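Student: Chains as they are written, first to last, in the numbering used here: chain H, 545 to 937; chain X, 545 to 937.
For the record, the hints were derived by calculation from the structure and aren't laboratory data.
A hint or two may mislead.
Any copy will do: because identical chains look the same in the list, a pair fits if it lies in one copy or spans two.
[Stated by the list, open to error] PhoX-like cross-link-like pairs, simulated, lysine-lysine; straight-line CA separation at most 20 Å:
no.	residue 1	residue 2
1	Lys-900	Lys-708
2	Lys-888	Lys-708
3	Lys-888	Lys-900
4	Lys-801	Lys-548
5	Lys-868	Lys-888
6	Lys-548	Lys-560
The structure presented is a predicted model; accordingly, all values stated were derived computationally and were not measured.
Number of protein chains: 2
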Amino acid sequence: MNVKNYFSQNITSALKHAPPGAWMPVVPDGCVRLSSGFPDASLVPVNQIQQAVTRMLNEEQGLPLHYIGSPKIDQLQTWLRNRMYERNIHINPEELLVTSGACQAIDLIARILIDEDTFIIVESPTYMEALEIFQNYTDQILTVPVDQDGMQTDQLEALLATRKEEDQPLPKVLYTIPTFQNPTGTTLSSERRKHLLELAETFNFLIMEDGAYGELHFDQPVNSLKSMDQSGRVFYIGSLSKVVAPGMRVGWVAANKEWIETLFCFKKDLDHPFAQSTMATFLENVDWPAHLSNLQSLYQSKCSTLLNALSEHMPANVTWTQPKGGYFVWLTIPGADTATLLEKATDAGVSYIPGKYFYLQQEDGLEQLRLSFSAAGEEEIVEGVRRLAGVIG
Amino acid sequence: MNVKNYFSQNITSALKHAPPGAWMPVVPDGCVRLSSGFPDASLVPVNQIQQAVTRMLNEEQGLPLHYIGSPKIDQLQTWLRNRMYERNIHINPEELLVTSGACQAIDLIARILIDEDTFIIVESPTYMEALEIFQNYTDQILTVPVDQDGMQTDQLEALLATRKEEDQPLPKVLYTIPTFQNPTGTTLSSERRKHLLELAETFNFLIMEDGAYGELHFDQPVNSLKSMDQSGRVFYIGSLSKVVAPGMRVGWVAANKEWIETLFCFKKDLDHPFAQSTMATFLENVDWPAHLSNLQSLYQSKCSTLLNALSEHMPANVTWTQPKGGYFVWLTIPGADTATLLEKATDAGVSYIPGKYFYLQQEDGLEQLRLSFSAAGEEEIVEGVRRLAGVIG
Numbered sequence: 545m546n547v548k549n550y551f552s553q554n555i556t557s558a559l560k561h562a563p564p565g566a567w568m569p570v571v572p573d574g575c576v577r578l579s580s581g582f583p584d585a586s587l588v589p590v591n592q593i594q595q596a597v598t599r600m601l602n603e604e605q606g607l608p609l610h611y612i613g614s615p616k617i618d619q620l621q622t623w624l625r626n627r628m629y630e631r632n633i634h635i636n637p638e639e640l641l642v643t644s645g646a647c648q649a650i651d652l653i654a655r656i657l658i659d660e661d662t663f664i665i666v667e668s669p670t671y672m673e674a675l676e677i678f679q680n681y682t683d684q685i686l687t688v689p690v691d692q693d694g695m696q697t698d699q700l701e702a703l704l705a706t707r708k709e710e711d712q713p714l715p716k717v718l719y720t721i722p723t724f725q726n727p728t729g730t731t732l733s734s735e736r737r738k739h740l741l742e743l744a745e746t747f748n749f750l751i752m753e754d755g756a757y758g759e760l761h762f763d764q765p766v767n768s769l770k771s772m773d774q775s776g777r778v779f780y781i782g783s784l785s786k787v788v789a790p791g792m793r794v795g796w797v798a799a800n801k802e803w804i805e806t807l808f809c810f811k812k813d814l815d816h817p818f819a820q821s822t823m824a825t826f827l828e829n830v831d832w833p834a835h836l837s838n839l840q841s842l843y844q845s846k847c848s849t850l851l852n853a854l855s856e857h858m859p860a861n862v863t864w865t866q867p868k869g870g871y872f873v874w875l876t877i878p879g880a881d882t883a884t885l886l887e888k889a890t891d892a893g894v895s896y897i898p899g900k901y902f903y904l905q906q907e908d909g910l911e912q913l914r915l916s917f918s919a920a921g922e923e924e925i926v927e928g929v930r931r932l933a934g935v936i937g
Numbered sequence: 545m546n547v548k549n550y551f552s553q554n555i556t557s558a559l560k561h562a563p564p565g566a567w568m569p570v571v572p573d574g575c576v577r578l579s580s581g582f583p584d585a586s587l588v589p590v591n592q593i594q595q596a597v598t599r600m601l602n603e604e605q606g607l608p609l610h611y612i613g614s615p616k617i618d619q620l621q622t623w624l625r626n627r628m629y630e631r632n633i634h635i636n637p638e639e640l641l642v643t644s645g646a647c648q649a650i651d652l653i654a655r656i657l658i659d660e661d662t663f664i665i666v667e668s669p670t671y672m673e674a675l676e677i678f679q680n681y682t683d684q685i686l687t688v689p690v691d692q693d694g695m696q697t698d699q700l701e702a703l704l705a706t707r708k709e710e711d712q713p714l715p716k717v718l719y720t721i722p723t724f725q726n727p728t729g730t731t732l733s734s735e736r737r738k739h740l741l742e743l744a745e746t747f748n749f750l751i752m753e754d755g756a757y758g759e760l761h762f763d764q765p766v767n768s769l770k771s772m773d774q775s776g777r778v779f780y781i782g783s784l785s786k787v788v789a790p791g792m793r794v795g796w797v798a799a800n801k802e803w804i805e806t807l808f809c810f811k812k813d814l815d816h817p818f819a820q821s822t823m824a825t826f827l828e829n830v831d832w833p834a835h836l837s838n839l840q841s842l843y844q845s846k847c848s849t850l851l852n853a854l855s856e857h858m859p860a861n862v863t864w865t866q867p868k869g870g871y872f873v874w875l876t877i878p879g880a881d882t883a884t885l886l887e888k889a890t891d892a893g894v895s896y897i898p899g900k901y902f903y904l905q906q907e908d909g910l911e912q913l914r915l916s917f918s919a920a921g922e923e924e925i926v927e928g929v930r931r932l933a934g935v936i937g
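This is chain H alone, in the form it adopts within the complex:
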């Protein structure tokens, strides 16, 4: 029996790309983990979540363990809408869908929009899991480079204009992480945001805005694309992974009602009542402004520590981005092969993620690497940079 004969035609792209199992290098013990895009362990509210579960099950008994979950799940939706409102995204209840993390949101949106022959656009570099999810649906992926001000919308315009002129298929949807991008830490400038939304109108594409890092700003908050969206072209994807705990898998989509209804068809039997109920109970008792402000100042401090250590230790030809929020700094080492360099780095006791993993064409990322300041402690960060400089220099 040949298994391959039975596969759906719709997963042809996935079968071509998907690796059988994990493909990221394992980080040896004892390394300073500048690779980890995890929240700082001290900022994950372990005790409060523990208390939330205890309180919830005391008060509600088995309810949160049933299919429907706690009545507090409704409060979670209200809470999320209130957070969005504060960020100038005004939506009705029927314009929100809670998902199992941002990844399920990306997967569901891809599912309702993308066929094997659908063209899509991603930033280059971009979030590796999103790229992986898109490759499950289509091979027709176009890229637009990112610089210190985010996606280069003039290049996007040129790409679209050329395709139109040459009568090539235009992309249906563009995926972007405009604020404190993963992996570069850069933020799309306000001029480019306007330009991007104009291009979406002109060339008739939709936008998936991944806002996972948006609340983690060090200075001023940044206006989301969704808050500027006049015509309902933007799907805003939110996540509590970076600001509460990733293992709880609470994310959401904000979009026009018709989109949400369709996403719901595919989501409805894939809910996760216990985690959502727990999150709702946790949030009910948290002082969110204080919680968030604590995260912001701690990550800002760690980011400064990383940037200072880089200034102090890195060879003169190495350059890096200057994030104004989020988790990441993006390094360029001219002439390097960061994938090969990784073994030396982990031997020296520091890990990072080689740039290639964030590129559709992996060879484009040879000279680059992602450093995360989120998980390691401040002293560790300094030591990690010193070790990394040692293997680069």
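Once you've looked at the hints, dock chain X against the given chain H.
Tutor: Chain X alone, transformed into the frame defined by chain H:
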């Protein structure tokens, strides 16, 4: 902007069928809920799960709240394999995928197998959520009727032979709940199990075996199709929803390695570490044989109560199935329209699920209804049957 213009071709079937929002009638307060396919509230281990979370977070701090989750997730996989081994399903670690409930398992398998033009077979009647998931993928759904010994495999054979003779497309996959079926409570006889597996060879189709109720036998355990599968045609779908708690969303697929690897491509970013870690920690400390035996005897007792009450109160022309396990009894009321009758029933203080929801052609289920003995207490069950008899009689 017309939203419909943007939808993927692959969701044509879903858009045709999927209802925007919930479609099941809401059960008024005060009703005896013979509609609910939930576990008995007293059998959901609320305190033990509460303790598991407390212990887990004390011991492991933030680990279960991170992307990767507790190291105990590996133990969960071993635990599930051991449970399967006891039921004569011998699988290696790479032949198991833990999913977010049986529904995600069904959805993932559908995703790798089913195109818009793929023919599939389901039992008639069948599990409504499975039907809904399949309709998200294809319209080409064939049905085979169920009698007191489960799916009528002679009718399946006739259907397949006719299609072959007439050169019509043959189905690629058959979905069955062979043991204590939802909704009928019936079990596929051992002769029919053999016949079904022979037909799968002859007509070259795959089998999705939904084993959600398999462990809840009142007398002898029933051999699963998977335990008899010689050629790797059977996907076994398991679930802890009926035997621990549905809100935890822990299910799994057991199948050959190549299938599991492909399912994993679509699953990998959709994991749920907190719930899985909690389940693993709970199971570590539970006396499973005692737990299961307690469930079995309680559900057996409730089933007897329901059957006795039916014998005592139902009019002579009403018939029902005699389940040997699971949650459900299936009633036939000649000449009735159980969908219309429901309002009278809930007015009288009892709820059930009208038969039509379990049928591809809803009109086939007019005379039938599903009663669940799982959620209501024994006295409630008797009272519920009395009320139901009052509106039928």
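Student: State for each hint whether it applies.
Tutor: Hints versus structure:
For the identical chains of this complex, Lys-900 and Lys-708 are neighbours neither inside a copy (30 Å) nor across copies (50 Å), given an alpha-carbon limit of 20 Å. Taking the shortest Cα distances, Lys-888 and Lys-708 never come within 20 Å of each other, neither inside one copy (46 Å) nor across copies (62 Å). For the identical chains of this complex, Lys-888 and Lys-900 are intra-copy neighbours only, at 17 Å inside a copy versus 65 Å across copies, given an alpha-carbon limit of 20 Å. In the homo-oligomer, the alpha carbons of Lys-801 and Lys-548 lie at most 20 Å apart only across protomers (12 Å), although the nearest pairing inside one protomer, at 38 Å, exceeds that limit.
In the homo-oligomer, the alpha carbons of Lys-868 and Lys-888 never lie at most 20 Å apart, since the shortest distance is 30 Å inside one protomer and 63 Å across protomers. Taking CA atoms no more than 20 Å apart as the test, Lys-548 paired with Lys-560 passes inside one copy only; the shortest distance there is 12 Å, against 29 Å between copies.
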